[in-house]
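Novice: Next come the chains, spelled out residue by residue.
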Amino acid sequence: MKETIIIAGFGGQGVLTMGKILAYSGIMQDMEVTWMPSYGPEMRGGTANVTVILSDSPISSPIAHEFDCVVVLNQQSMDKFESQVKPGGVLIYDTNGITHHPTRTDISIYQIDATAECARLGQAKLFNTMILGAYLKVRPVVAMENVMAGLKKTLPERAWKMLPQNEEAIKHGGEIIRQVR
Amino acid sequence: MAEKEVKLMKGNEVIAHAAIRYGCDGYFGYPITPQSEVMETLMEEKPWETTGMVVLQAESEVSSINMVYGGAATGKRVMTSSSSPGVSLMSEGLSYLAGAELPCVIVNCQRGGPGLGTIQPSQSDYFQACKGGAHGDFHLIVLAPNSVQEMHDFVADAFDLAFKYRNPAMILADGCIGQMMEKVVLAPQRPRKTKEEIAAECKSWALIGKTDDRERNVITSLELKSEVMEVNNQRLQAKYRTMEENEVRYEAIMCDDADYVIVAFGSSSRICAATVEMARAEGIKLGLLRPITLYPFPKKPIEELAARGVKGFLCAELNAGQMVEDVRLAVNGKAPVEHYGRLGGMLFSPDEVFKALKEKLINR
Chain A
1 MKETIIIAGF GGQGVLTMGK ILAYSGIMQD MEVTWMPSYG PEMRGGTANV
51 TVILSDSPIS SPIAHEFDCV VVLNQQSMDK FESQVKPGGV LIYDTNGITH
101 HPTRTDISIY QIDATAECAR LGQAKLFNTM ILGAYLKVRP VVAMENVMAG
151 LKKTLPERAW KMLPQNEEAI KHGGEIIRQV R
Chain B
1 MAEKEVKLMK GNEVIAHAAI RYGCDGYFGY PITPQSEVME TLMEEKPWET
51 TGMVVLQAES EVSSINMVYG GAATGKRVMT SSSSPGVSLM SEGLSYLAGA
101 ELPCVIVNCQ RGGPGLGTIQ PSQSDYFQAC KGGAHGDFHL IVLAPNSVQE
151 MHDFVADAFD LAFKYRNPAM ILADGCIGQM MEKVVLAPQR PRKTKEEIAA
201 ECKSWALIGK TDDRERNVIT SLELKSEVME VNNQRLQAKY RTMEENEVRY
251 EAIMCDDADY VIVAFGSSSR ICAATVEMAR AEGIKLGLLR PITLYPFPKK
301 PIEELAARGV KGFLCAELNA GQMVEDVRLA VNGKAPVEHY GRLGGMLFSP
351 DEVFKALKEK LINR
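Going down the list, the protein sequences come from chains A and B.
Residues in the first sequence are numbered from 1 upward in steps of one, following my numbering.
Residues in the second sequence are numbered from 1 upward in steps of one, following my numbering.
Rather than coming from a laboratory, the hints here were simulated on the basis of the structure.
Where a beta carbon is used, it is the ideal one built from N, C-alpha and C, also for glycine.
Some hints here could point you the wrong way.
16 Å max Cα-Cα, derived EDC-like pairs, lysine to aspartate or glutamate [stated by the list, open to error]:
(1) B:LYS7 <-> A:ASP30
(2) B:LYS299 <-> B:GLU245
(3) B:LYS334 <-> B:GLU303
(4) B:LYS300 <-> B:GLU245
(5) A:LYS2 <-> B:GLU245
(6) A:LYS125 <-> A:GLU168
(7) A:LYS86 <-> B:ASP351
(8) B:LYS300 <-> B:ASP256
(9) A:LYS137 <-> A:GLU32
(10) A:LYS153 <-> B:GLU5
(11) B:LYS7 <-> A:ASP79
(12) B:LYS164 <-> B:GLU197
(13) B:LYS4 <-> A:ASP30
(14) B:LYS358 <-> B:GLU303
(15) B:LYS131 <-> B:GLU244
(16) A:LYS171 <-> A:GLU145
(17) B:LYS193 <-> B:GLU245
(18) B:LYS164 <-> B:GLU277
Covered, in the sense of this in silico footprint (three residues per stretch, anywhere, with C-beta under 8 Å from a C-beta of chain A), are these stretches of chain B [as the list claims (entries may be wrong)]:
(19) 175-181
(20) 349-361
If you anchor each label on the Cβ, the simulated ranges turn out as follows [as the list claims (entries may be wrong)]:
(21) B:LYS355 <-> A:GLY88: 20 to 26 Å
(22) A:ARG178 <-> B:GLU59: 37 to 43 Å
(23) A:ALA159 <-> B:LYS164: 33 to 39 Å
(24) A:MET162 <-> B:LYS164: 35 to 41 Å
(25) B:ASP259 <-> A:GLU32: 48 to 54 Å
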């Protein structure tokens with residue numbers, strides 16, 4: 001099994017952290033992992049993305065030109081990465097601010113209203129774990145117990161009190177994601 | 001402390017942890033993207049409270065390399081890290097360190113140049129690292145890690161080689177390896193060398209306090225008598241020949257039956273390993289030769305592949321063609337040697353390298 005995923009959105013949405021939780025979850029499941037950020041002069045409001053690869057065997061290239069799954073969290077990322085989903089692959093996107101919806105017919109497409117849902121719950125901080133839960137619903141590459149272990153490894157100790165809420169958000173993300181194609 | 005715990009860390013963070021755990025005495029640095037996490041991690045870990053390691057942010061790279069000079073002169077294990085423009089500022093210091101034969105470790109997490117360039121990954125400092133990089137006839141020992149685990153392991157190797165040869169050693173990484181997170185197993189904590197151990201190892205040259213039973217040690221690269229300076233140079237050159245004889249390291253992936261061979265180092269070699277998988281799936285016998293030591297360069301294994309009848313070599317590097325010159329010297333006209341690169345901080349993907357291989361060698 002090898003899963004190559006890119007998560008792309010605005011800086012401040014928790015894109016890099018979501019990738020880190022996923023990568024640590026893979027380690028908890030004895031997988032090989034790489035986590036490669038777009039680093040640079042990114043800031044809150046700028047664009048950010050991270051490529052995560054999970055594999056049962058050693059990973060050669062941490063760089064990919066097409067992805068099994070693309071998670072898109074803003075319009076700029078949609079414009080850039082829709083074309084980079086492998087044929088037969090998966091595109092997941094948060095609907096907030098998306099004006100040009102994806103048009104490809106050779107991939108599976110899923111929507112989630114996570115921004116709106118987090119606003120409704122008054123829990124903006126749970127956005128990325130909600131997206132993670134949605135992703136894991138579609139691509140169950142890591143068992144939930146390993147996701148929780150990976151989440152604990154990723155969060156600093158002072159944030160461990162938030163673990164139950166994050167677990168809820170992961171579950172909730174899985175519930176509210178819907179397939180559109 | 002759990003010794004075999006697998007962690008998820010950036011290459012830069014791992015450099016810091018490795019320095020502490022391998023008993024480094026001092027780190028002197030100045031922040032620059034994409035390697036700033038090295039000093040950030042050291043500042044977070046506060047090793048001065050545990051091992052007694054000094055961590056100091058200098059006012060510039062010129063200062064930090066000269067602090068390294070001072071620390072190294074006393075036989076301590078000292079290091080610095082920077083990225084391309086910062087390493088250029090250190091180049092005078094590198095020449096003096098090589099001239100005074102001082103062991104130390106320099107990490108260059110390369111970014112695109114020239115000048116301030118970009119902050120994205122590049123391998124355009126190969127010439128600078130391997131061909132001296134400053135005035136005078138000298139060489140650094142140059143190690144090129146291609147994984148986060150190697151970023152960790154090569155800190156120990158670099159210090160070992162630096163002390164074995166009394167020569168500065170460079171870890172030539174890039175923004176990709178520095179910023180990437182992978183699994184890593186950290187070494188158990190080693191104690192720093194004691195005063196007595198340093199005296200036993202380095203008393204023939206280090207400034208550890210003169211005693212009555214020996215002449216004073218002098219650390220300098222200055223010699224006004226050219227007859228004597230020639231002898232000094234010959235001693236350095238003899239040392240470099242010994243390194244070339246004994247310290248070459250490389251990795252050969254599927255080279256035994258290869259018709260074509262990619263030569264790539266560092267992050268490029270990871271990308272090209274995927275190209276090898278793609279080519280083999282198409283029935284093309286492609287191998288990968290990865291130099292681990294860039295100086296001394298693995299000339300002999302490339303020579304042997306050319307002599308064995310490899311039909312062509314592709315040197316894939318994130319620059320306009322630097323290591324390819326060393327590959328051409330090794331192949332010595334026995335087979336075509338082509339170059340493929342991206343510039344200014346752009347990375348190539350495995351399929352781009354595959355396409356270049358087909359265009360430049362297989363279908364030409």
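Novice: Sort out whether GLU303 of chain B lies within 16 Å of LYS334 of chain B, counting only the CA atoms.
Specialist: Judged against 16 Å, a Cα distance of about 9 Å means the pair holds.
Novice: Is 35 to 41 Å right for how far apart the beta carbons of MET162 of chain A and LYS164 of chain B are?
Specialist: violated (50 Å)
Novice: Starting from LYS164 of chain B, check that the Cα of GLU277 of chain B is at most 16 Å away, please.
Specialist: violated (38 Å)
Novice: When you check the alpha-carbon spacing of LYS193 of chain B and GLU245 of chain B, does it fall within 16 Å?
Specialist: violated (29 Å)
Novice: Would you say the C-beta atoms of LYS355 of chain B and GLY88 of chain A sit inside 20 to 26 Å of each other?
Specialist: holds (22 Å)
Novice: Are the Cα positions of LYS300 of chain B and GLU245 of chain B separated by 16 Å at most?
Specialist: Within the cut-off at roughly 10 Å; holds.
Novice: Going straight from one Cα to the other, do LYS164 of chain B and GLU197 of chain B come out at no more than 16 Å?
Specialist: holds (15 Å)
Novice: Mind checking the hinted window 37 to 43 Å against the Cβ distance between ARG178 of chain A and GLU59 of chain B?
Specialist: violated (57 Å)
Novice: Run the distance test for LYS153 of chain A versus GLU5 of chain B: straight-line Cα separation, threshold 16 Å.
Specialist: Holds, because 12 Å separates the two Cα atoms, which is no more than 16 Å.
Novice: Is it true that the CA of LYS7 of chain B sits at most 16 Å from the CA of ASP30 of chain A?
Specialist: Roughly 12 Å separates the two Cα atoms, so the pair holds.
Novice: Taken at face value, is the distance from the CA of ASP30 of chain A to the CA of LYS4 of chain B at most 16 Å?
Specialist: Distance of about 13 Å is within 16 Å: holds.
Novice: CA of LYS300 of chain B to CA of ASP256 of chain B, is that 16 Å or under?
Specialist: At roughly 15 Å apart (the allowed maximum being 16 Å), ASP256 of chain B and LYS300 of chain B satisfy the hint.
Hint violations for this structure: numbers 5, 9, 11, 14, 17, 18, 22, 23, 24, 25, all remaining hints satisfied.
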